[in-house]
Structure formats: C-alpha cells, structure tokens
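Start from the sequences, fold in the hints, and give me the full structure.
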Amino acid sequence: MGATSDAETICPTGKTISSEPQGPLPATAAKISVRHLNFFYSRRQVLYDIGLDIPEKKITALIGPSGCGKSTFLRTLNRMFETVPYTRVEGEVKLDGEDIFGMSVVDLRRRVGMVFQKSNPFPKSIFDNVAFGARVNGLKNRDKLREVVETSLRRAALWDEVKDSLRKSAYSLSGGQQQRLCIARALAVDPEVILLDEPCSALDPIATAKIEDLLFDLVGSCTIIIVTHNMQQAARVADQTGFFLLGRLIEFDKTEVMFKNPSRKETEDYISGRFG
Amino acid sequence: MGTAAAPLPRIRAASHHRLRRTILDFLGWGMSAIAFLLLGGAMVWILAVVVMRGYHALSLTVITHVTEGYGGGLLNAIEGTLILAFGGLILSAPLGLAAGIYLAEFDRGRLAPVIRFLADVLVGVPSIVIGYFCYVTLVERLGWKFSVAAGSVALAIISLPYICRTSEMALRQVPRALREGAYALGARDSRVVLGICVPTALPGILTGVLLALAISVGETAPLIYTADWSNYLWTGHLTKEPIGYLTYAIWAFITEPFASAHALAYAAAFFVTLFVLLISIASRMVLVERPGWRRPWTR
Amino acid sequence: MNFRRLTALLASILGGILVVIVTFLAVYAWPAVRFNRLHFLTQNNWNLGNLYADPIMVRGQQVLPAAHYGILFLIAGTLLSTLVAIVLAVPIGVGAAVFLAEALPPVMRAWVSLFVELLAAIPSVVYGLWGYAVVIPFLGHHLFPWMVEHFGFIPFFGGHAGSGYGLLTCGLVLTLMIVPLITATVRDALVTQPAALREGAVALGASRFETLWSVLLPGVRRVLTGASILATGRALGETMAVLMISGNALNYLPNNIYSPISTMASFIVSQLDSALEDPTGMAVRSLAEVALVLCLISIAVNGIARVLLLYQDRQLTRAV
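So the sequence lines, in the order shown, correspond to chains H, E and S. Just so it is clear: in the first sequence, position 104 is 104 by my numbering, and no numbers are missing. Just so it is clear: in the second sequence, position 210 is 210 by my numbering, and no numbers are missing. Just so it is clear: in the third sequence, position 141 is 141 by my numbering, and no numbers are missing.
FYI, nobody ran anything at the bench for these hints, they're computed from the structure. Built from N, CA and C at the ideal position, the CB exists for glycine as well. Heads up, some of the hints might be wrong.
Said to hold, decoys possible - Now the stretches of chain H that chain E is said to cover, found in silico as 3 or more residues with beta-carbon under 8 Å: (1) 79–86; (2) 114–122; (3) 132–140; (4) 157–168.
So this is what it looks like as structure tokens:
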C-alpha cells in the first residue's frame, strides 16, 4: 500500500515532498507487488521506500523527469541491476506472490522480459536473434524453434516484413524494425511480464505508433510496464500510471485520474509542465 | 570608480622577432623530419639487407633438406619453429583467453586489478629470464631435458600475458547493451560471454593470438635454454629430445666461417622476418580500423 | 564450479606465474647468493675457478677452488647501454612522433606510422644479424675512427676506436628497437589531444610548431614518461642483438664508448656452456643469480611504468 519516508526533499517548484499513501489499488490481482523498496548505488540512495502493485494484464506506465529513478526501478523488477557492481537493494518484490530474490535469476528473467531504450540486436541473423532466448532456455529442436521464431515475429508485428530474409543480419533492419525485433526476441521466451525502458525514444512517430499498437495486442497475454519520458505516450497507452520524482513514487493511479485530476501538487506541476 | 588603468604595453611584432620565430619553427620541423628519416632509413636498410641477402640464399634445397653440419637446408628448423610456436599457442591461447574474459567481464573487487598488474609486469620480464626459469625447472628438475615440451612451455609463458591483455581489450569493446540484452533473456554468465561477447570480439582476440604467434616465431634466447638444437626432423617425442628452430640458425650460423652457413643464416632471417612483418601488418590493418582500440604495447 | 569462479581461477594461474618465477629463481640461486654475498654486485671478477681440482667448502658452500663471481661489469654494461639507448630514443622518438602526428595528412599517417612501428616487430636476433653483418664493419672501419679523430676531445669519445663491437653500437641498435614504443605512444597522445587546446593557442597567434612545443607536448609528458620507462625495461632485457654486437667483455669495465661490454641478459646466454662444466653447480646457480637480479630490476622498472600509465589506461578501456 502506501509508504512513508522520514527524509523530505525539495521539489523543483519549491515545495517540499513527503511520500504519502498511494492512490486506490486496482481491483484485478497484482502481478508484481513491491514493498518498501530502497535502492543504493554505492553509498548513494537512488530509490526511497517504493511501494506499489502492478495489475495483471494491463499496461502500466511510469513517468517522471530525467534521473528520478524510474529506469532504476524497472531494472530491479528483473534483477538487471545485479550485472552492475556496487548496487544494493532493500525491500520486497514479489512476482505472483513469490519473492524474486529467492527464485533463480535465470527463471525470473525468462518470466519477466525486457526491451531497452536503444535497440540492441546481437550481431547475428534475424532468426538467430529471436531464437537466442529460446535456445538459451533449452529449446533445441529445429522445427519448434522455427515455430517459436515465427510466432514471436508475428506478435511483434514484424513477420511480414522479414519472413523472406530471416538469415540476413539483424543490422540490415531499420531502427524501428530493430526495436520490434528486440520485442520479438523478448517474446520468444514467452514471458508473463514485459518491461519496456523508453522503447520509442530513439524512433520516429510512425515507428512509435507501430510499437504502441503492438502493445495493445500484447497486453491480452502479458502484463506490460513501460517507462516513458513522453507523457502523451503514457496517456495514449497506459491503464495505470505512476509518477516518480527524485527517487520517490509520488502518485500511482488510473491514467485518467492522474492526468485530469491528480491528487498531488507535484504530479499536477509536472503534468502541466511547470518543471520537467 | 577606480583610476584609469595604465595603458597595456604594445606588443610589437618586431621583424627580428618574427624572423627568430620562423627560424626556430624551421629548425623544429627540420629536426622532427630528421628523426623520422633516421628511423625510416634504418628500417629500409635492415629490410634491404635481410631481403636481398636472404633471397639470394634461397634455393629449393633450403626448404627440402635438413641441416647437415654447416650446410644443407632448413627443413628441420622450419618444422621446429612451427611445432614450438603452435605448441606454445595451444597452451597459452585458451588460458590467456580465459584470463582475459575474467578481467573484462568480472572486474569487480580487488583480484582483477592485481592480476592485470601482474600480467603487465610479466610481459616486460626478459625472455631470457623466463627461459632460464624453464631450464632450471623443466629441463633439469623435471628431467625433460632439451625438448619440444620445455620450449613450448617457455613460449607459452611469454605469450600468455599478451594474449590475456589483448583479449581483455577486445572484449571490452563489446558494447554493454549487447550484454544486457543477453542477460535480460535469462542467459547465464557463460552463455552471455561465450555466446555473445567472444564471437563479437573474435577479430580482436584472434589478432592478439596472431601477434603472439609472431613473437613466438621470433624468440631465440629462451629456446636456446629449452630446446637447444637438432639437425633432424622431429621424432615425435615431447621430452628428452632437442629440436631445431629458425632463429637458432640465424644466431649460430652467421658467426661460422663457412659461406654455406652464412647462406642458411640469411635464409632463416628472411623467413622469420617476412613472417613476423606480414602478421604485424595484417593485425594492424584489422585492429586500427576499430574505433577506440587502444594501442597494445609491443614487446 | 560456476563460470566466474572458473575464469577467476585460470586468471589467477596467470598472475601466479610471475610469483612462481621469482620465487623459484630466488630459491635456486640462494646458495649462490650466500656464497657470493654483496661482492656479487661490486666486483668485476667472474671466475669459475680451477675446473680440474676437487671442490672445497667456502662459506658453507661446495665450490671449486678460486671460484669467484662478481658481476659489476655486467651491471655497468646493462645500465650504460640502456642509458645510451634512452638518451637517443627519447628525442628521436618524440621528433618522429611530432612528424607523424603533425606533418603528415591523416591518410598517409596510418601507413607511414606502421612502417616505423615495424622496427619494434623485427626479432632481436635479426637485429643482431644486421648489426654483425653490416653495421659493425661500417662503424668499426669508418664511423668510429672518424669520431675519435673529430670528437676525441669529449670525455669517453676518444681513445681506442675499437673494432665496432661495443657500447655505442649496442646503444644505437637498442635505440632502434625501443624508439617505436615511444613514437607510437606519443603520437597517439598528440593526435587525441582536444582540438580546443590547439585552437586556443593558434587564436593567440602561435605558429603550429610553437603550439606543439608549448601547449601540446607538455600535455603528453606523463605518457612520455611512462612509455620511456617501458622502453627502458625492454632495453634492459634485450638479449640476442646485444649478444651478437657487444663484444662480450669479460671482467672489465668499458673505458670509452667504443669498448666492448656485456649485459646481464647476453651474459646468461653466452656463459651457459661454460657454467655447466662446474661440477659443483655453483656457476649455474650464480648465473641464476644474475637472472634473478635482472628479473627484479625489470619488475621494478615495469611496475613503475605501469603505475604511471594506469591513469591513461583507465581513460581508454571503458567500453561504450
């Protein structure tokens, strides 16, 4: 539920912030629940006492100004921060009620996939890129792999564009196509949750629209969490939105409520552009 | 309000001053050109001697016959050089790559900087010291005597830190984003490194191995202490039997008073120098193209 | 065992090799260290003793009578030849680096630099061959006598012109072998200096060379120092080339720059066969002591250079 913190910080508009209980919980079951999450990079604290519930099979957006911790928060959900030294986490994160720090990290990352800000296809063919995750998780049979690759590329709305050139290098695709390839790659392991870290920030509006459409298709089978710098994007795609500021979760509510009638002054200031 | 500031001294570009600056400039560029010409000239001189006298000494006999006394051919030496060099590589390449992987991928905490420092220092240890060490431990204490095994181990020790550091640098060039992508799919360390990082860094890694090969082919002193010399082709024994190699021929035969021996020395120098230069040029061409490649130090 | 631990273990083997080498040499040479004590480093007398007599006990060790090992001439030879090489290599190296970095258009730069850097790739023994076959006759018959005649008034430049084998010859050839290291490093450092520095100086009216001398070169001082120390390390350990052109002096110090010398590295090679004739093994162990001294010197020199260059390393090894 809500979280309280002792230290207070000054918000850019000059008001002090203190965390208060978040907005009303969604009625559907929580896929991921976070309680009292604190994140430290060496001595520096980056996330303060985060608590929220991510609803299942819905799109949740996380917005906030640069450097406020939303990407860091995203990376705790699939324990990606562990690839960086000197990081430390306190608090509780549960996936379907199971503690993510207790389960095998390899299993966790299969169930919770990630798409990055800048597309990062491997220097391999399109086919091998998508198949990589499946192969790593044990799938060896050639026919099954072909099936998985086709299904994933279809779900990522890329199949028609690449079906005749699966053996070509992934780098022969355009930026938007590469990003969809990365989505296909993440889908190939059949995750329950997909985390997207500003996936469209390097793409033009047409490519962005394609990806946003594809999210609507995916949400029927996956829970989606998207970090975005672009408030309009959050307004377009998300069911729930969370607003981060300076390492704290200020407000978390249905998107319409957040944008039309935020309950916190800081949220309203950010949304109306008084700072950013 | 202050008093008016004193007028700035007029900086006059006096003609004698300008002349002096021009002369100094000319001298400066002149000296640097001379320095360059000295080096370029020396290089040309060395190549000329080696190529001309070496080419002159080449004949079919040289590559088809073994050495007989102070004449004959270099077949045994050519074979020996290749066996020793590849033997050394077989030992040092996997180990060096593994160490390079550790230094590039798992550099957290205190072990990695220490190992890196030790590797860098080991590169600078004179090869004769390594050769003597191998002599004392392998040839004498372990009873291997002058042998392919002892020579290969000596070359392996010399190549090892070099391959380790060049592999590390090649792996560090792999963008972080690729690794993250692989981890995010649930791959383990071994899969990420061996499936993504190493294949991506392979050109750099292979180049390091090739350069180590070039160094091994050019080494003499440590092999004098571990492989000695043999006029015969390799008998297949790894220990207790010495083996010949090209650099020995260069050293030992040039001081003999026989023209046939001199010819062999030049021919051997021709082969060795050609081989080493070709590899060095090829590797620079591959590496220098890559942005951000830091110059690997040379032995 | 997980992957990370496995690679850590293998990497530690690499790290351990250096430690093992030093330890082993020290242990093996210990009897010689005890026998030779400090006069190993201060006396000029390498003498295997009477090879036909029976061994006797001296200072707790079995040795041949009249056996005595002092390597002052080796230390002198090593340090002096390296000194000559560095004194020549630094200005020539910097000069060539300046030429390559500033006077050549970028297209030519890579190829011409490569040509010069190949000097470092040529094996030591080939340098020895070249030196023995063509350089020494030239120096001994033409250049050195000419120098004695015209520069003989400078201390150490006069006296006997020698045969061409000697200190100056070694210094010259060593220079060629180590210059590329300095040139390459300084050239890279000059090329990567920020354009803003150059522009600032030129905007004040400085000529290209003045910019170079007063602004850019001071900026590469640290790199130059590190590279010079590394180059010194290489010169100290050079074996084959020195063996073939130094004249292999035994038990005497050079009295001018044309005199034959011996270095520690070349001595180890040239003396193995004789040392093996000593049945007590003290000669071989004393050679091991020479190797140990050389090893320790090289570790010290390289360690210092690496620490100096560490800063530069850190800047450039962070991947994107």
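Check your understanding: Which of the stated hints cannot be reconciled with the structure, identified by number in ascending sequence?
Key -> 4
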